[in-house]
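Please construct the entire structure, taking both the sequences and the accompanying hints into account.
The sequence shown begins at 1236 in the working numbering and counts up by one.
Hints may be right or wrong, so weigh each one.
[Stated by the list, open to error] Label-pair restraints from in silico Cβ distances:
1. 1391 <-> 1342: 18 to 26 Å
2. 1331 <-> 1356: 32 to 40 Å
3. 1287 <-> 1331: 33 to 41 Å
4. 1326 <-> 1290: 41 to 49 Å
5. 1391 <-> 1359: 43 to 51 Å
6. 1315 <-> 1287: 17 to 25 Å
Bear in mind the hints are in silico, worked out from the structure with no lab data behind them.
Glycine included, C-beta positions come from ideal geometry on N, C-alpha and C.
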Amino acid sequence: MQAAELNQKRQLWATGLLLIQGAEMRKGLCVALCLFLISCICGAQESPEWRACNQKAKSRAEVYACAADEAKRDDTELNRVYKQLLLKIEKDAVAVSKVKAFERSWIAYRDSYIAAMYPAENKAEYGSSYPTEVCLIGARLTRQQTEALRELMKELEKDVD
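Following this line, the structure appears as C-alpha cells:
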C-alpha cells in the first residue's frame, strides 16, 4: 500500500470513529438534556416542603427520600379529594361508577406514561437519579389529577344547584 493510500484509509477510519463517538456523545447529551428538562418541568411545580428537603439533602438517597415524601404528600391529597368527590356524588350510582372508572383509567395512564418516559428494560441505563425522577414525575401527574378531580367536583356541584 502506498503512503498516500494508507494515510487516506487512516483518515477515513479516524473520521468514522469520530462519527461513531459523535453519535454516542449526541445520544448521551440528548439523554442528559431530556433529564434536565424533566427536572426543570417537575421543579416548577414542587412544594416548598420538597424544596426545603432537597436543599438539605447531602446524598442521592436523601434526595430520593425527599422525592418519595413529595409523591406521598401529593398522593395523600389526591386520595382526600377523591374521597370528598365520592361523598358528594354517593347518591348517584352512575356518577360514582364513572368517577371510579376515571380514576382507574388515570392510574393506568400514569403508570404507562412513566413507562414510556423510561422504556429501557434495564433502568440502570438512566443513572442514579432515575428513582427520584420517577417519583417527581408521578407527583406532578398526581397533582394534575387532583386538579382534574377538583374541577370535576365543581362541575358536578353546578349540576346539583
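Now the hints, each set against the structure:
no.	hint	result
1	1391 <-> 1342: 18 to 26 Å	holds (21 Å)
2	1331 <-> 1356: 32 to 40 Å	holds (39 Å)
3	1287 <-> 1331: 33 to 41 Å	holds (38 Å)
4	1326 <-> 1290: 41 to 49 Å	holds (47 Å)
5	1391 <-> 1359: 43 to 51 Å	holds (45 Å)
6	1315 <-> 1287: 17 to 25 Å	holds (22 Å)
Every hint from the earlier list agrees with this structure, and none is contradicted.
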